[in-house]
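Peer 1: These are the residues of each chain, in order.
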Amino acid sequence: MDKWKDNKAWFLVIPVFILVAFSAIIPLMTVVNYSVQDIFGPGNRLFVGTEWFKETLSDTRLHDALGRQLLFSGLVLLIEMPLGILIALMMPKKGWASSLSLVLIALPLLIPWNVIGTIWIIFTRPDIGLLGAAINGMGVAFDHTNSAGQAWITLMLMEVWHWTPLVALLAFAGLRAIPEAYFQAAKIDGASTWATFWYIQLPKMRGVLTIALLLRFMDSFLIYAEPFVLTGGGPGNTTTFLSIYLVKIAVGQFDLGPAAAFSLIYFLIILLFCWLFYQVLLNVGKGEKTS
Amino acid sequence: MKKRTIAFIIYLVLLMLPIYWMFNMSLQTNADIMGSFNLYPKNITFSNYMNIFTDSAWYNGYINSIIYVSMNMVISLAVALPAAYAFSRYNFIGDKQIFFWLLTNRMAPAAVFLLPFFQLYSTVGLIDTHIAVALAHCLFNVPLSVWILEGFMSGVPREIDETAFIDGYKFPRFFLTIFLPLIKSGIGVTAFFCFMFSWVELLFARTLTVTNAKPIAAIMTRTVSSSGLDWGLLAAAGILTIVPGALVIYFVRNNLAKGFAMGRV
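Chains as they are written, first to last, in our numbering: chain A, 1 to 291; chain B, 1 to 265.
These are calculated hints, taken from the structure and not from any lab test.
Treat each hint with caution, since some may be false.
[Unchecked claim] Calculated lysine-lysine pairs in the BS3-like style (CA-CA distance at most 27 Å, straight line): (1) B:2 - A:93; (2) B:2 - A:187; (3) B:184 - A:3.
[Stated by the list, open to error] Computed beta-carbon distance windows for the label pairs: (4) B:74 - A:74: 36 to 46 Å; (5) B:3 - A:29: 53 to 63 Å; (6) A:179 - B:160: 21 to 31 Å; (7) B:63 - A:49: 26 to 36 Å; (8) A:271 - B:10: 38 to 48 Å; (9) B:70 - A:237: 38 to 48 Å; (10) A:49 - B:250: 29 to 39 Å; (11) B:172 - A:206: 38 to 48 Å; (12) A:7 - B:160: 19 to 29 Å; (13) A:198 - B:56: 52 to 62 Å; (14) A:55 - B:43: 35 to 45 Å; (15) A:206 - B:20: 31 to 41 Å; (16) B:5 - A:182: 33 to 43 Å.
Glycine included, C-beta positions come from ideal geometry on N, C-alpha and C.
Next up, chain B with everything else stripped away, as it sits in the complex:
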């Protein structure tokens, strides 16, 4: 038992090491980073973070990311909730086929859809808008949401629905006031996964935006590929992209393991 705990702690340390290293870089100036090898920052400086918070090209990247991720979360949940209810409660023509078809979109390589997406959104004039990225991310987040929510909804006994209908509840009222509160944690977990996959995605977000809706991830790749590489600045930007994720995990921590198993993601 003791050995097991020690091994586990070693694993956690190894897991955190790369992140710690980036954090370490983010607290140093570029001259310090290149000048000497430091295991911890000798002269702690927040200048990298200040640069990001005062340069609109940088902080707009975060704002853009948060806007399209939120839009995507709302859209995905709004359409997936009724559909998941249908899949969990009813047999209807083509239900299995539709479910499989949804699944294939979760598994489709983003690279395949890249070009046609660009053409499609150019045609309808949505390039470089937040909604374009949010809609593109629906390609994998809506199927995922349906999948996770279906799992949670199937855990609610159907007697509840039957009783409510006998008591004279109409479907919309039953769904909103009785059913949804029962799967609160499921909705939380689904929102978490929508957030996660929309937040980490790069390919669509980069291709469908030019300047106005450019996500932070794309701004970072541009910095990597182009100029003289300010490592400190890059590391600070990276650390800031981890923060929202860490906050979200904290809120769903109790349902996390269950959600992973149910959502099968």
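Just chain A, same shape as in the assembly:
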């Protein structure tokens, strides 16, 4: 059945529109305004056109940060998606065990992001941290504040620890939605566990998994607080991701013009991904209705 056509429904949307416009459109206009001016102080500014954009686009540190960001997001997806599905398959399906594991798995998602960083500082310190001390005890010198490689490993561990539960919960919800009859049919046909997974569970989870994939991509692309607390973007610049770099320019150096230009480029990249995301979501919805 089609939805009712009525433009009066706009009245219901107006409060949301005003609220979000206040906190999205006005600030965005300010950014656009900054991005074309050189600001020396209040009332002392110069129109510079597209200069900041040119400068930002040719900034090699920005290129490096973008490269690191893409590598980071790519690794996150490669590790978290299969792991999340695996965990969802292992989760107890009913009873108190199911409730308990849901609560425990969701716990990391409810911890403030900077506290996540703090937890991992404490956990990986070579002197007082369980993990840091354990690795050093095995004879490997481990200190993520000194080595870029180890900083990356620690960050990835933290990221996987923090966000795999989201993938697992989504996949679990997808699994629960599969009617029991499918499994009975598979059993009668003598399908192996693997065949059941490949031909029934995985295709049926396609919708939620697409969502998980895209969300993990977006959120890892915007990551700020956790690496900021854990590594501060270092050692050197080796874990400086896009958001960290942007905040450095905007708040640290107070270079409003370049920061604004950077913001707009960053936002456009996100907008592009958002649009792709939205298209995929719409098509996923259609696929489920027809099948």
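Go by the hints and put chain B onto chain A.
Peer 2: Showing chain B alone in chain A's frame:
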């Protein structure tokens, strides 16, 4: 089946280990932490927690966080409920575009909005107030709420609306007395996600506050970056930030998985 259970239990243990470690630290004095390596606290002390509960600079951080998170939850739900109804029931000019536009705000990098937010709220004189943070968090929580609620509302058959209107119900009365009770669990799940994202957010909360509305998360980063690092105190503060989240999860546990799938968050 057996192997699967064991693997799952190992995963849960690994998942809890970092949190346990922080809890372990929070029950020791700094001297004990630095002095020897303990897998469990040898002399359990609650002095770190007492410090936090008696120092207003610390406990005000929690109060501030809870105030703006609650404000944000109320505002988000109040505006998102009617809008989600409109999106789930009606076709109107620009509906798809507006929905997409809302979505982009959920995905926008907070860092982009940082500077203009500071300017905007300075201009209207809201810096260092709870409402400023609550409004800033609406940027991502309102779109999210609309999104989740739309999913739940679309699950309610439209015959119910039609019958009620034929019976002579006016929209506000129908919405409040018939429709809302039907999506109770959806509202609960939405409130949970608003709570979650407002509670964990740091960047806006830190930038828009100075002293009066400073959230606990920001007070903690200040402690990390500045002085001689009292690990026990820091760990206790961290543990206390987990408690409200754990309580909230407990209340929505039965709808959690469904909410995650519906809210697509």
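Peer 1: Hint by hint, say whether it matches the structure.
Peer 2: Hints, verified against the model:
no., hint, in the structure
1, B:2 - A:93, "14 Å, holds"
2, B:2 - A:187, "19 Å, holds"
3, B:184 - A:3, "23 Å, holds"
4, B:74 - A:74: 36 to 46 Å, "39 Å, holds"
5, B:3 - A:29: 53 to 63 Å, "58 Å, holds"
6, A:179 - B:160: 21 to 31 Å, "25 Å, holds"
7, B:63 - A:49: 26 to 36 Å, "48 Å, violated"
8, A:271 - B:10: 38 to 48 Å, "42 Å, holds"
9, B:70 - A:237: 38 to 48 Å, "39 Å, holds"
10, A:49 - B:250: 29 to 39 Å, "56 Å, violated"
11, B:172 - A:206: 38 to 48 Å, "40 Å, holds"
12, A:7 - B:160: 19 to 29 Å, "23 Å, holds"
13, A:198 - B:56: 52 to 62 Å, "59 Å, holds"
14, A:55 - B:43: 35 to 45 Å, "58 Å, violated"
15, A:206 - B:20: 31 to 41 Å, "36 Å, holds"
16, B:5 - A:182: 33 to 43 Å, "23 Å, violated"
Hint violations for this structure: numbers 7, 10, 14 and 16, all remaining hints satisfied.
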